[in-house]
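Undergrad: Residue numbers (this note's numbering), protein chains in the order written: chain G, 73 to 323; chain L, 73 to 323.
It is worth saying that the hints were derived from the structure and are not from the lab.
Among the clues, some could well be false.
Stated by the list, open to error - Using C-beta positions, here's what the derived DEER-type ranges look like: (1) Leu281/L with Leu281/G: 50 to 60 Å; (2) Arg237/G with Lys216/L: 44 to 54 Å; (3) Arg230/L with Arg230/G: 27 to 37 Å; (4) Pro251/G with Leu310/L: 37 to 47 Å; (5) Asn141/L with Leu289/G: 53 to 63 Å.
In this text the structure is predicted, and so the values were computed from the model without any measurement.
Beta carbons: idealized from backbone N, C-alpha and C, even for Gly.
Listed below, chain by chain, are the residues.
2 protein chains.
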Amino acid sequence: MDFFMDSDMYLRNVSVDNIIFGYHDKELKVLLLRPAGLDKWTVTGGYIKKTESIEQAACRITLLRTGLNGLFFNQFQTFGNPKRAIDPEFTSAYLSKIMGSPIPKDYWIFDYFVSIGFYTLTDFSQVEPKKGELEAECVWWPIKELPKMMFDHEMQIREALNALRIHIAHYPIGYELLPKKFTMPEIHNLYETILGKSLDDRNFSKRLLATGILVKLDERKKIGPHRSPFLYEFDQNLYDEKLKNGVDLVF
Amino acid sequence: MDFFMDSDMYLRNVSVDNIIFGYHDKELKVLLLRPAGLDKWTVTGGYIKKTESIEQAACRITLLRTGLNGLFFNQFQTFGNPKRAIDPEFTSAYLSKIMGSPIPKDYWIFDYFVSIGFYTLTDFSQVEPKKGELEAECVWWPIKELPKMMFDHEMQIREALNALRIHIAHYPIGYELLPKKFTMPEIHNLYETILGKSLDDRNFSKRLLATGILVKLDERKKIGPHRSPFLYEFDQNLYDEKLKNGVDLVF
Chain G
73 MDFFMDSDMY LRNVSVDNII FGYHDKELKV LLLRPAGLDK WTVTGGYIKK
123 TESIEQAACR ITLLRTGLNG LFFNQFQTFG NPKRAIDPEF TSAYLSKIMG
173 SPIPKDYWIF DYFVSIGFYT LTDFSQVEPK KGELEAECVW WPIKELPKMM
223 FDHEMQIREA LNALRIHIAH YPIGYELLPK KFTMPEIHNL YETILGKSLD
273 DRNFSKRLLA TGILVKLDER KKIGPHRSPF LYEFDQNLYD EKLKNGVDLV
323 F
Chain L
73 MDFFMDSDMY LRNVSVDNII FGYHDKELKV LLLRPAGLDK WTVTGGYIKK
123 TESIEQAACR ITLLRTGLNG LFFNQFQTFG NPKRAIDPEF TSAYLSKIMG
173 SPIPKDYWIF DYFVSIGFYT LTDFSQVEPK KGELEAECVW WPIKELPKMM
223 FDHEMQIREA LNALRIHIAH YPIGYELLPK KFTMPEIHNL YETILGKSLD
273 DRNFSKRLLA TGILVKLDER KKIGPHRSPF LYEFDQNLYD EKLKNGVDLV
323 F
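Chain G on its own, in the form it takes in the complex:
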């Protein structure tokens, strides 16, 4: 509970919110927390130590929640207006109940906080979420059926998803989300799921192949007696170069 005790460790009036998206097998989810005793949910986030950068704060907080290290975070938007202040009455009552001692209403955590929004995308089947001491649950939620959210967090998820969709039109994805060898339908599903719309088969593979990041293998995946699509893998060098310089994949 050190962040309630030691306000001197942290920056005032500015915090980090992490929208952690997870993809696996045609499903897009987001990692949410439910504070103990409440039936509303939040995204993962926290305060910034005076000794760390905002990116380090995002990584530290994510490691705490997911055990995952080395995720790549994208900033998508910073949120800041006086309405973002937590309701001190409500939160003080809630925190007193959890922690056993009353929190003064002028305590620093009740100020108006500017929040720097980051998002990342990982394979949710590889991540066992960890709840913190103040939380009842930490769960992967399907994007399509979000529960009741606290603060402006539903808007944050919407904005992060928009940013992710724009991002995948300009940078390759899939490396950590697909098996090493994958079929065209598998990577097609990945793009369709994130974009939330269906993409014409032939147009999709034509455009994706035109980027050069895929290598068609002389090998097929056996799905059924009449279905055995070719396997592909990423051209590591070209994939890395496109990660730096971008692709043009507007579908």
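Chain G is already provided as a structure; the job is to place chain L on it using the hints.
TA: Okay, now just chain L, sitting in the frame of chain G:
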């Protein structure tokens, strides 16, 4: 000088930096300040009042510097790491000189500040910059010949310019930067100047016309005895719609 006196008015540890780009007749500039007694420059920026949103802070600070109201700001990146703290020794000596009384080294403005970067684009020929009390100069500088910059401000300008270049591939520009009726070479110059590269004439006009935002008029501009290009204007409705929903203008 109220922001030095009244730290209670402002958020701690978080501020706004505005990269104000100006375009006119094939020139791209940025608005810079030179603090009195120094030969380094900064972008315009300032602290956030507890009663205002970060966007309101960006607008208030810009109005102060330029007299311009109602500019549209885009967030492009938030910068935050412990190295951003101002050197208290240097700044205290400098401020003491200007203000006549010493500033304690543990004063709030010397903390590590997270800075929210905004950019905007306006017609520099319409704006007479105003210097503040602590500044020697406030000037439009050509992007191509930036002077020696303080802090991480040169990087901020570079990142803002990248963001502006990506932005104009997805959203129409020109409405406040060109005459009401303009020629294809005039809007071509605008795009070339901002993108910092030359664009093939025919390809440019073909792609721009395909967006539908231009209306070709039955009217020509007389430039010389053998040059009288057609005039165009923006289709206001389509322009506004594309401002909301985007265009695809990768050149």
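Undergrad: Now look at each hint and say whether the structure bears it out.
TA: How the hints compare with the structure:
no. : hint                               : in the structure
1   : Leu281/L with Leu281/G: 50 to 60 Å : violated (29 Å)
2   : Arg237/G with Lys216/L: 44 to 54 Å : violated (34 Å)
3   : Arg230/L with Arg230/G: 27 to 37 Å : holds (30 Å)
4   : Pro251/G with Leu310/L: 37 to 47 Å : holds (44 Å)
5   : Asn141/L with Leu289/G: 53 to 63 Å : holds (60 Å)
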